[in-house]
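Engineer: From first to last, the protein sequence lines stand for chains B and Y.
At position 34 of the first sequence (counting the first as 1) the number is 34 in my numbering, and the numbers step up by one without a gap.
At position 274 of the second sequence (counting the first as 1) the number is 274 in my numbering, and the numbers step up by one without a gap.
All clues given are correct.
Below, simulated EDC-like cross-link-like pairs (lysine to aspartate or glutamate); rule was C-alpha separation at most 20 Å, straight line:
1. B:Lys4 x Y:Asp183
2. Y:Lys50 x B:Glu53
3. Y:Lys4 x B:Asp212
4. Y:Lys284 x Y:Asp274
5. B:Lys325 x B:Glu313
6. Y:Lys363 x Y:Glu313
7. B:Lys4 x Y:Asp156
No lab work stands behind these hints, which were simulated from the structure alone.
Predicted model only: the values in this text are computed from it and were never measured.
Number of protein chains: 2
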Amino acid sequence: MTDKREFTSIVEALPTTIPFVGPEAIERRIGRTFDARLGANESAFGVSPKAVEAMRREASRVACYNDPENHDLKMALSAHHGIRPVQVVVGAGIDDLLGLAVRMFVAPGQTAVASHGAYATFIYHVDGFGCRLVTRPYRDDVNDLDALLSAAKESDARLLYVSNPDNPTGTWREAEDIERLIDALPSTCTLLLDEAYVEFAPASAIPRMTIDPRVIRFRTFSKAHGMAGLRVGYAISDERVAQGFDKVRLHFGVNRVAQVGALASLGDMDFVCDVVERVEAGRKDYDRIGRALGLPTLPSGTNFVTFDAGHRERAEMILASLQEKGVFVRKPGAPPLDRCFRVTVGTAEERAIFEERLTLVVKDL
Amino acid sequence: MTDKREFTSIVEALPTTIPFVGPEAIERRIGRTFDARLGANESAFGVSPKAVEAMRREASRVACYNDPENHDLKMALSAHHGIRPVQVVVGAGIDDLLGLAVRMFVAPGQTAVASHGAYATFIYHVDGFGCRLVTRPYRDDVNDLDALLSAAKESDARLLYVSNPDNPTGTWREAEDIERLIDALPSTCTLLLDEAYVEFAPASAIPRMTIDPRVIRFRTFSKAHGMAGLRVGYAISDERVAQGFDKVRLHFGVNRVAQVGALASLGDMDFVCDVVERVEAGRKDYDRIGRALGLPTLPSGTNFVTFDAGHRERAEMILASLQEKGVFVRKPGAPPLDRCFRVTVGTAEERAIFEERLTLVVKDL
Chain B
1 MTDKREFTSI
11 VEALPTTIPF
21 VGPEAIERRI
31 GRTFDARLGA
41 NESAFGVSPK
51 AVEAMRREAS
61 RVACYNDPEN
71 HDLKMALSAH
81 HGIRPVQVVV
91 GAGIDDLLGL
101 AVRMFVAPGQ
111 TAVASHGAYA
121 TFIYHVDGFG
131 CRLVTRPYRD
141 DVNDLDALLS
151 AAKESDARLL
161 YVSNPDNPTG
171 TWREAEDIER
181 LIDALPSTCT
191 LLLDEAYVEF
201 APASAIPRMT
211 IDPRVIRFRT
221 FSKAHGMAGL
231 RVGYAISDER
241 VAQGFDKVRL
251 HFGVNRVAQV
261 GALASLGDMD
271 FVCDVVERVE
281 AGRKDYDRIG
291 RALGLPTLPS
301 GTNFVTFDAG
311 HRERAEMILA
321 SLQEKGVFVR
331 KPGAPPLDRC
341 FRVTVGTAEE
351 RAIFEERLTL
361 VVKDL
Chain Y
1 MTDKREFTSI
11 VEALPTTIPF
21 VGPEAIERRI
31 GRTFDARLGA
41 NESAFGVSPK
51 AVEAMRREAS
61 RVACYNDPEN
71 HDLKMALSAH
81 HGIRPVQVVV
91 GAGIDDLLGL
101 AVRMFVAPGQ
111 TAVASHGAYA
121 TFIYHVDGFG
131 CRLVTRPYRD
141 DVNDLDALLS
151 AAKESDARLL
161 YVSNPDNPTG
171 TWREAEDIER
181 LIDALPSTCT
191 LLLDEAYVEF
201 APASAIPRMT
211 IDPRVIRFRT
221 FSKAHGMAGL
231 RVGYAISDER
241 VAQGFDKVRL
251 HFGVNRVAQV
261 GALASLGDMD
271 FVCDVVERVE
281 AGRKDYDRIG
291 RALGLPTLPS
301 GTNFVTFDAG
311 HRERAEMILA
321 SLQEKGVFVR
331 KPGAPPLDRC
341 FRVTVGTAEE
351 RAIFEERLTL
361 VVKDL
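Sequences and hints are given; from them, build the entire structure.
Structural biologist: Next comes the structure, spelled out in C-alpha cells:
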C-alpha cells in the first residue's frame, strides 16, 4: 500500500532540524556530563525559596486541571506592571507566544524580519508556518534598527522581531532608539520586542511600560527568576491583540506547578534583585578573564557574556575544546557574530572552572 | 491612526469563545467555591506518592531547561508499550498533540471528521487552523463508525477523530470495530484515536499495540495517573509521523516537573491499578444512584458516568440546580446527547455530596 497520508505542503517542506540541541542530548552523545553548563543562559543562582515552597505544596494537587485563564498570575502581573489584566497573555515560555504571534499575524508567504542570527526559535516558527524570513546583519554587534526597518518596509513585513537586550550578543539599544523604531514602523507591521533579559539591562534600554497597538513585549520567568525548566512567559499587548492570542493559544498550556511557582517568584523580587547583582558581578569577572586571555567581551545587559575570538575558526575551536574539557557553551552561527562564543554567567565556582579550562584552551590554540 | 495590523484571515474569522470554561472561572463568576468538583473528569484519587516525591525534588531544579527531547520519559514509555522510542512523541497533554496533528495533516479548507459533540478541543484546533469540520451524530450513544467512515470518504477528510472510550458519553466501541474502521479508511485519511481514558476501559475495547501508519494513538497522564494539571500526554505513531511532530512541536513544551512526575508515575503502576479499581467501584455507585432517581446511566469505560435525563431542558435544569447547590458537573451540548449530564467519579465523600444534592434537585423538578 502506497502511503498517501501526506503532510501539508508547508510541513512537508520543513527541515527535520530543531532550533536547539539540549545539553542533555550532547551529554548523551559524548557520553559524559558537563562540569559547567554555561551554554543555555540558565540562571546559575537558582529559584526563589518561596517559589520552591509553593511548587512543593502544589505537587500534590496536580490531579486538578490548571486554571486555563491563568487568572491569579495574570492579576499579579498586571499589578506588577501597572497595566490591565486584559493586556497580559500568559504562555508556556516566550517560545510558545512567539509561535502564536507568527500564526496570528503572518499568513503563509508573508514576511517577518529579524537580524541575521537572531533567536533560533523565532525563525523556527516563521519557517514552521510557511512564512518568509528576511534578515539584516548585526552592525557593530548590535541590532541594526535602521536596516531592519528598511527591510520591513521593502518586504511588506507583518512582524519585526527585535530582542533587547539582545541574544546572542548581550548588547542592547537604548529605549529612545526602540521608541523611534516603533514610530517609524509601517502601519501593517507589528514589533515583537523580546525582553527576556530585561531585568539585567540598564534602565536606559527599557522603553516605558505603555500599551501600544504597534508592539507586543515578551517577558519570561526563565532568566532572572531562574525558572527556565518551568516554562512561563508572558506577552504584554493591547487588548485586541491579547484577544487574538486567546483565539489560538493552548488554553491549558501552563501547568499548575508553573503557575504557582511564577506567582510566588513574582512576590519575591528581593530574590530577583539579588540574582541581578550576582550576575553583574559575574559579568565583571568574565570581562577580566577575557582581557587576560586576549578575548575581548561585548558589553552585556543580559545574564551571559559574549567573547570575541576574532574569527570563526578560532571561535569554533574554542567551543569544541571547551566542550571536550567539560564546559558547555554556545556560539552564534551567523556572520559577523560567528567569530564569538557566548557564556552564561555561572556561579563563582563555575566561573573558576571556565577560567581554568579556557586558559588551557587558549594556550593550546 | 487607523490600525492596519490585521490578523491573518483565518485568525480574524475565529470566534472569541474558548473550548472549556474552567471551574475556577465559574467559581469566580458565581462567587463561591464548589463543594464537589465533578465536571472536568479529573482524578478524585490523586497522584502517586512516588510522583509527588519526584516532583518535590525537581522543584528546586527548575533553573535548568527541561530536556527538549523528553528522553527519559520517552524511553520509559517505549519500554512500557513495547515499541521503539522513535514511535513516541511527548507533548503538553493530548490537547497540544491534537493541535499539531491538525496542523500537520489538514491544510486550510481541507476536512476533518468527528462525531457531532466530540471533544471540544479537537474542534477548536480544526477551526483554529482554518480547516473544515464535518460531523456525524452519535448513534445509540456510541460513535457511529460507519457514518464517520462514510463522511470521511465523502468529504475527502485528512483526519478522522474518534475517542475510545468516548468523551462525553463514556461508552466504547470494541477493538475489532476500530480495527475494521482502520482497514476501511481512505488512503489519504489518518485516524486520530484518542485513548485518554483507556486505563478504565474493558480490555476488549483496546486494539492491539501495533504501529500503523494509518493511526495516531493518544494517551495521557491526566486521567488514571491523576496529573491533569501537569500537562503530559503522548502520541504513538509510526516514525515518519513522529518526525512530522518534531518539525512543528514546541520543543521545550513539557516542563521539568511534568517530565519527572510522569516518569515516576509510570513506574508506579500499582497506584494506577488501584485508582482504576476505585473508579470501577464509583461507577457502580453512580449506576445505583441513577437507578434510584430515575436517571439511567450509560455504560462507562471511563472515569466518569453519563446520566440520561430524558431530554435537553431537564438535563440543563439539573446541571444548573446542581451548580447552584455547589456541585460542578458538565453536560454535552449537541443532540442527541444533550439530554444527558456527565459526572466524574469522585471519592466516596464527593459521591455522597452528589447523591444528596441530586436527590434534592430531582425532588424539585
